[in-house]
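Chains H and W, in that order, are what the protein sequence lines are.
Heads up: the first sequence begins at 516 in the numbering used here, then just goes up one per residue.
Heads up: the second sequence begins at 134 in the numbering used here, then just goes up one per residue.
Keep in mind that the hints were calculated from the coordinates and are not lab data.
Even for Gly, the Cβ is constructed at its ideal location relative to N, Cα and C.
One or more of the hints may lead you astray.
Unchecked claim - To give an idea of the interface, some chain H residues facing chain W are shown, with a C-beta separation under 10 Å as derived from the structure: (1) TYR612; (2) PHE624; (3) GLY625; (4) GLY752.
Chain by chain, the residues:
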Amino acid sequence: MPGALFPAYPVRVLHPPLRPDPLIEIDHVTFGYDSSRTILNDVNLRFVRGQVTAVLGGSGCGKTTLLRLIGGVHPANSGRVVFDGEVVDTRDRPQLYRLRRRLGMLFQFGALFTDLSVFDNVAFPLREMTDLPEPLIHDIVLMKLNAVGLRGAAALKIAEVSGGMARRIALARAIALDPELIMYDEPFAGLDLISMGVAAKLIRTLNDVTGATSLVISHDVPQCMAIADWVVLMATGGRIVAQGTPAELMASTDPEVRQFVRGEPDGPVKFHYPARPMAEDFGLGAR
Amino acid sequence: MGRLMGRLTGFVQGIGARVLASLQGLGHAALFFVGLMAVLPQSLRRFGLVVTQVYAIGNRSLVIILASGLAVGFVLALQMYYALVTYGAAESLGLVVNLSLVRELGPVVTALLFAGRAGTSLTAEIGLMKAGEQLAAMELMAIDPRARVLAPRFIAGAISMPLLAILFSAVGILGAWVVAVGLIGIDAGNFWSIQQNKVDIWRDVGNGVVKSMAFGVICTFVALYQGYETQATPEGVAHATTRTVVISSLAVLGMDFILTALMFSTP
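Extracted from the complex, chain H is given alone in its bound form (with noise of 0.2 Å):
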């Protein structure tokens, strides 16, 4: 029964919602900024081992945020987070710090550090979290370079990579430990076709081969669609609107899913803000 796992809202799940072997588990997560503003109103989600979930939305609906709580860079307000288990306290440093060893994420825009070559960024972890001889560290970083089709480009300087080669190169580096769960926030923004599609396939065959978990946050349905395995749709302040296989959410019939899946500009979706009504803003019942 949907409405027994998520019963603030009338979510249209399309597969039985209790999947199998949860990595991560959100369970009735309140957060936001602060009080006048909440980003995710009692959010449930559970994202499974070994599978690529993406997480599609509007831009503000939540989906960086939630990242953001899975790592434990903010406190949710009410209910927790759990990572193969173990619920993520943030005020518990050391635990916290033993969970994020085990997941790695690329940032929507790479998160590069500026003052660092492209090997030297991707060693950056391996030198801070082991203690590998340099020469090992040296294989490993070209070994994950080459896997992003960037072992070339290990003596570039950051400024000098394009974005979509940076979106790589932070992709190397945020596989550079062999993390169990792999975070994308917008993976696929600003990047051109071509670029988009080497990423989507990165994406899709990393965690084949690795096999870890990744959860992918975009607003680019026809990536998503084309390499995940469970796709979950987002709306305002984290309502979930639908999930489901790709498949099962490009056939839905549902108009706020059809409208999300087809990119139309308006529907369920207001294409205005809300607003006054046009004759009082622009004073024509006065004249």
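Given the coordinates of chain H, assemble chain W onto it according to the supplied hints.
Chain W in isolation, oriented as in the chain H frame:
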């Protein structure tokens, strides 16, 4: 009457809110300082990071510090000569210049220049790292950015500042020597010997170095704190950079008065 009371209440409430916000800010900064102190030992174990920052903060400030020291030495010698010659005490010029530089001008002017040159650079660098999500990326890699980014810079600032102040004073004294001996014609032996006799290595030079250490800690901490707590926008970084200079300068001037009163209260 009611409106007047309402305005008065609003005014008092406004003052109260400002005082509370200031106290809250001070408390936050104090906790941040304690947190930074707690991670310092980790940075000391990786001294290479500190050395890199000493180069960035210290070496790259050398030109402005040395040029300013020389200019201050020139001007100080001229001004002091005009004042001292009136009382027939021109032979004391070397001593007056030395004590002025070593006790006061060296530490204070170096700190003000340091805040303008290295402090703003630190704030902008940390602020842009925050805006570019580099600090957040470190956090999510389970690397504490305070230990990896802030602490080496803090130690480097605390090391660099006294060295820069010593160089400022030394170059200033050389500048004064050029003017006093080369231009005015004061006896070179007298210029140096009166300093040798009257300047106390611990009381004068030592206290000057202690002052500059305190200023180094203040300026570097303010710069790092402002950068770390900045709003991650271009406007936020610009405001943080400005605040660094204003707060550092005021704190240095205030602390200088306190330290001078403590160090030189007896003749």
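Check your understanding: So which of those numbered hints doesn't the model satisfy?
Key -> 4
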